[in-house]
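Chemist: Using the sequences plus the hints, can you model the full thing?
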Amino acid sequence: MIQNDLPGWFRPLQNVFNLIIIFQGIFYTILSLRKLHHFQYFRQARISKFQLESLKWLRLFVIINVILWTIGTAGVFLEISGINIPIDLFALFYLSLTLLTLVLGAFTIRRPEFFSEKEDILHFSVGIDKVGEKSVQPNDKEQLIKYLEEEKPYLKPDLKMQDMVEATGLSYKRISEIFNTELEKSFFDMVNEYRLQTALRLIREGYHKKHTLPYLAEQAGFNSKTTFNRTFKKYTGQTPTEYIQQNNL
1008 MIQNDLPGWF RPLQNVFNLI IIFQGIFYTI LSLRKLHHFQ YFRQARISKF
1058 QLESLKWLRL FVIINVILWT IGTAGVFLEI SGINIPIDLF ALFYLSLTLL
1108 TLVLGAFTIR RPEFFSEKED ILHFSVGIDK VGEKSVQPND KEQLIKYLEE
1158 EKPYLKPDLK MQDMVEATGL SYKRISEIFN TELEKSFFDM VNEYRLQTAL
1208 RLIREGYHKK HTLPYLAEQA GFNSKTTFNR TFKKYTGQTP TEYIQQNNL
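Per the numbering used here, numbering through the sequence shown is continuous, rising by one, with the last residue being 1256.
Errors might be hidden in some of the hints.
[As the list claims (entries may be wrong)] Straight line, CA to CA, 25 Å or less: simulated BS3-like cross-link-like pairs of lysine-lysine:
| hint | residue 1 | residue 2 |
| --- | --- | --- |
| 1 | K1192 | K1232 |
| 2 | K1180 | K1232 |
| 3 | K1063 | K1192 |
| 4 | K1063 | K1167 |
| 5 | K1240 | K1167 |
| 6 | K1232 | K1216 |
| 7 | K1180 | K1192 |
| 8 | K1192 | K1148 |
| 9 | K1042 | K1153 |
| 10 | K1042 | K1217 |
| 11 | K1180 | K1167 |
| 12 | K1192 | K1217 |
| 13 | K1163 | K1148 |
| 14 | K1216 | K1148 |
| 15 | K1163 | K1063 |
| 16 | K1240 | K1163 |
| 17 | K1180 | K1148 |
| 18 | K1153 | K1192 |
| 19 | K1063 | K1042 |
| 20 | K1163 | K1180 |
| 21 | K1217 | K1159 |
| 22 | K1163 | K1153 |
| 23 | K1163 | K1232 |
| 24 | K1042 | K1148 |
| 25 | K1232 | K1217 |
| 26 | K1216 | K1167 |
| 27 | K1167 | K1192 |
| 28 | K1042 | K1167 |
| 29 | K1148 | K1167 |
| 30 | K1216 | K1241 |
| 31 | K1192 | K1159 |
| 32 | K1159 | K1042 |
| 33 | K1042 | K1232 |
| 34 | K1159 | K1148 |
| 35 | K1240 | K1216 |
| 36 | K1232 | K1159 |
| 37 | K1232 | K1167 |
| 38 | K1180 | K1153 |
| 39 | K1217 | K1153 |
Note that these hints are calculated values from the structure, not bench results.
Modeler: The following block contains the structure:
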């Protein structure tokens, strides 16, 4: 094959593989950025300054990786388009990616604690740092409420407790304890309250004049008209229609 050149069927197949590699890089880059964001957002008060510094380095590595994948992607599309340039983008891409891998490997050896298992991370988080001072513990209740109010996960109709576990880093048991003991509400009651507040805001803004009430309920996160009506009457003592008519909305 080297002497007689590659067969005609090989080039299109190679382009397909190149595109798969590009999409793989995009997928894992986005996933990496999301993981880093969630880890820093919900663990910032629990981890040491040393680990926060490691987090910044990891973000830098991901950004460099984005740049490298951009170079590789440009090389693929230029080759597919038949455009020749003086610089071999593939050689630049693979050389840079190799160097990045070596640097990241050295970084991992120097700071292994950041790549520990979840149990070890929690140990570092709640333990004693290098100067012998206890780490400051965040208020899990405030953290959970902050997540609900800022990220608005309740707008997702099929929101489950497990989704909040994965997003906040708090355990299933801890979230359940916060709802039932500290907030004295069930998970579904709390979520539906937030959804109701969203629905009331939409009604006050006149959203129901341009759309149906079932659609408004869906935008507020309710997964059915029945749940919307039941929740609405439970907290306001009126049906949505009665509420709108009585308040001249």
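Chemist: Take a quick look at whether K1042 and K1153 sit within 25 Å of each other, Cα to Cα.
Modeler: holds (18 Å)
Chemist: Check the hint pairing K1042 with K1148 against an upper bound of 25 Å on the C-alpha distance.
Modeler: holds (22 Å)
Chemist: For the pair supplied as a hint, K1240 and K1167, is the alpha-carbon distance within the 25 Å limit?
Modeler: holds (23 Å)
Chemist: Do the alpha carbons of K1192 and K1232 lie within 25 Å of each other, as the hint requires?
Modeler: holds (22 Å)
Chemist: Next pair to validate is K1240 with K1163; report whether the Cα-Cα distance is within 25 Å.
Modeler: holds (21 Å)
Chemist: Verify the proposed pairing of K1063 with K1192, using a straight-line Cα cut of 25 Å.
Modeler: Violated, at about 38 Å.
Chemist: Take a quick look at whether K1180 and K1232 sit within 25 Å of each other, Cα to Cα.
Modeler: Since the Cα atoms of K1180 and K1232 sit roughly 30 Å apart, the hinted pair is violated (cutoff 25 Å).
Chemist: CA of K1216 to CA of K1148, is that 25 Å or under?
Modeler: violated (37 Å)
Chemist: Run the distance test for K1217 versus K1159: straight-line Cα separation, threshold 25 Å.
Modeler: Status holds; Cα separation ~23 Å.
Chemist: Has the given pair, K1192 with K1217, been kept, meaning a C-alpha gap of at most 25 Å?
Modeler: violated (34 Å)
Chemist: So if I understand the rule, the pair passes when the alpha-carbon distance is 25 Å or less; does K1232 with K1217 pass?
Modeler: Measuring from Cα to Cα gives roughly 18 Å; hence the hint holds.
Chemist: For the pair we were handed, K1042 and K1232, check the Cα-Cα distance against 25 Å.
Modeler: Cα-Cα ~35 Å, so violated.
Of the numbered hints listed earlier, those contradicted by the structure are 2, 3, 4, 10, 12, 14, 15, 26, 33, 39.
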